[in-house]
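Residue numbers (the working numbering), protein chains in the order written: chain F, 12 to 118; chain Z, 89 to 208.
Please note: incorrect hints may appear among the correct ones.
As the list claims (entries may be wrong) - Okay, derived cross-link-like pairs now, BS3-like style, lysine-lysine, Cα gap no bigger than 25 Å in a straight line:
(1) Z:LYS164 to Z:LYS140
(2) Z:LYS140 to Z:LYS153
(3) Z:LYS131 to Z:LYS164
(4) F:LYS118 to Z:LYS140
(5) Z:LYS131 to Z:LYS107
(6) F:LYS50 to F:LYS118
(7) Z:LYS131 to F:LYS114
(8) Z:LYS107 to Z:LYS164
(9) F:LYS50 to Z:LYS164
Unchecked claim - Over 10 Å on every C-beta distance to chain Z, these chain F residues come out as not near it, computed from the model:
(10) LEU22
(11) ARG35
(12) ASN43
(13) HIS45
(14) GLU53
(15) SER54
(16) PRO55
(17) SER74
(18) ASP81
(19) GLU90
(20) GLU92
(21) ASP93
(22) LEU105
(23) PHE109
Simulated from the structure, these hints should not be mistaken for laboratory data.
Note that beta-carbon positions come from the ideal geometry of N, C-alpha and C, so glycine has one too.
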Amino acid sequence: DIVLTQSPATLSVTPGESVSLSCRASQGINTNIHWYQQKSNESPRLLIKYASQSISGIPSRFSGSGSGTDFTLSINRVESEDFSVYYCQQSNSLPRTFGGGTKLELK
Amino acid sequence: EVQLVESGGGLVQPGASLKLSCVASGFTFSDYWMSWVRQTPGKTMEWIGDIKYDGSYTNYAPSLKNRFTISRDNAKSTLFLQMSNVRSEDTATYHCTRLYYGGYSYFDYWGQGVMVTVSS
């Protein structure tokens with residue numbers, strides 16, 4: 012199975028800061044990684060597909076990059092509504108696996 | 089608007105069976121692969137399995153394939169998850185998801201989830 016390791020587990024920031032969240036795969040997965048946001052008591056929402064492709068309706072401050080084993084979700088100038096947990100998920104091979112999540116919290 | 093609404097969860101004893109349902113609306117259900125994903129109380133996400141749009145093919149997580157079965161009723165736009173011989177580690181929130189199946193798939197819509205608690 013492909014293991015996805017997200018770091019940091021928790022990131023404390025103030026609104027207006029720009030941040031980068033990391034997802035590292037245990038083996039190369041090309042760009043077959045997707046990012047989800049889960050706000051408290053809500054279901055996850057797709058943010059980025061295939062490492063860097065944008066999703067309709069998602070604010071442009073969210074962007075993704077990476078290929079192979081190292082991937083990054085970037086948020087340009089965090090807003091209050093962005094404080095959530097972020098998960099990466101790989102679709103390169105079965106079983107589909109998720110990272111453990113990064114919690115973005117208010118400093 | 090795509091909506092996925094799960095039901096059927098609750099408190100169940102170890103060793104029992106339980107069937108979850110997910111009613112879909114806002115899209116042509118019979119055109120899409122569907123999946124189940126669960127989230128443990130510790131917030132770990134685990135993929136359970138997928139079913140092809142016509143119900144003819146399924147994928148499962150190896151650790152669950154002997155106890156969980158995914159099926160669908162396209163006439164009723166409903167997805168099912170049959171859980172058997174449940175264990176305490178099956179305690180989780182179960183999400184119905186729509187799978188964008190393009191070779192390398194992702195979950196483009198999620199239901200709110202239904203909680204299952206396995207305890208005596």
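When you look at the beta carbon of GLU90 of chain F, is every beta carbon of chain Z farther off than 10 Å? holds (22 Å)
Distal placement of PRO55 of chain F relative to chain Z, Cβ over 10 Å: violated (5 Å)
Measuring Cβ to Cβ, find out whether PHE109 of chain F lies farther than 10 Å from everything in chain Z. violated (4 Å)
Given hint LYS164 of chain Z paired with LYS50 of chain F - CA-CA distance at most 25 Å: Judged against 25 Å, a Cα distance of about 30 Å means the pair is violated.
Are the Cα atoms of LYS131 of chain Z and LYS107 of chain Z separated by 25 Å or less? holds (22 Å)
Nearest-CB test (10 Å) between chain Z and GLU53 of chain F: At about 8 Å from chain Z, GLU53 of chain F fails to clear the 10 Å cut-off, so the statement is violated.
So if I understand the rule, the pair passes when the alpha-carbon distance is 25 Å or less; does LYS164 of chain Z with LYS140 of chain Z pass? Roughly 16 Å separates the two Cα atoms, so the pair holds.
Least C-beta distance between LEU105 of chain F and chain Z, which was stated to exceed 10 Å: Not fine: 6 Å to the nearest Cβ puts LEU105 of chain F too close to chain Z.
Given hint LYS140 of chain Z paired with LYS118 of chain F - CA-CA distance at most 25 Å: violated (44 Å)
Report holds if the minimum CB distance from ASN43 of chain F to chain Z is greater than 10 Å, and violated otherwise. It is violated; ASN43 of chain F is separated from chain Z by about 4 Å at its closest Cβ, not greater than 10 Å.
Do the alpha carbons of LYS131 of chain Z and LYS164 of chain Z lie within 25 Å of each other, as the hint requires? Distance of about 31 Å is beyond 25 Å: violated.
Grab the minimum beta-carbon distance between LEU22 of chain F and chain Z and tell me whether it stays above 10 Å. Nearest chain Z Cβ is 15 Å from LEU22 of chain F, so the label holds.
Checked against the numbered hints given earlier, this structure breaks hints 3, 4, 9, 12, 13, 14, 15, 16, 22 and 23; the rest are met.
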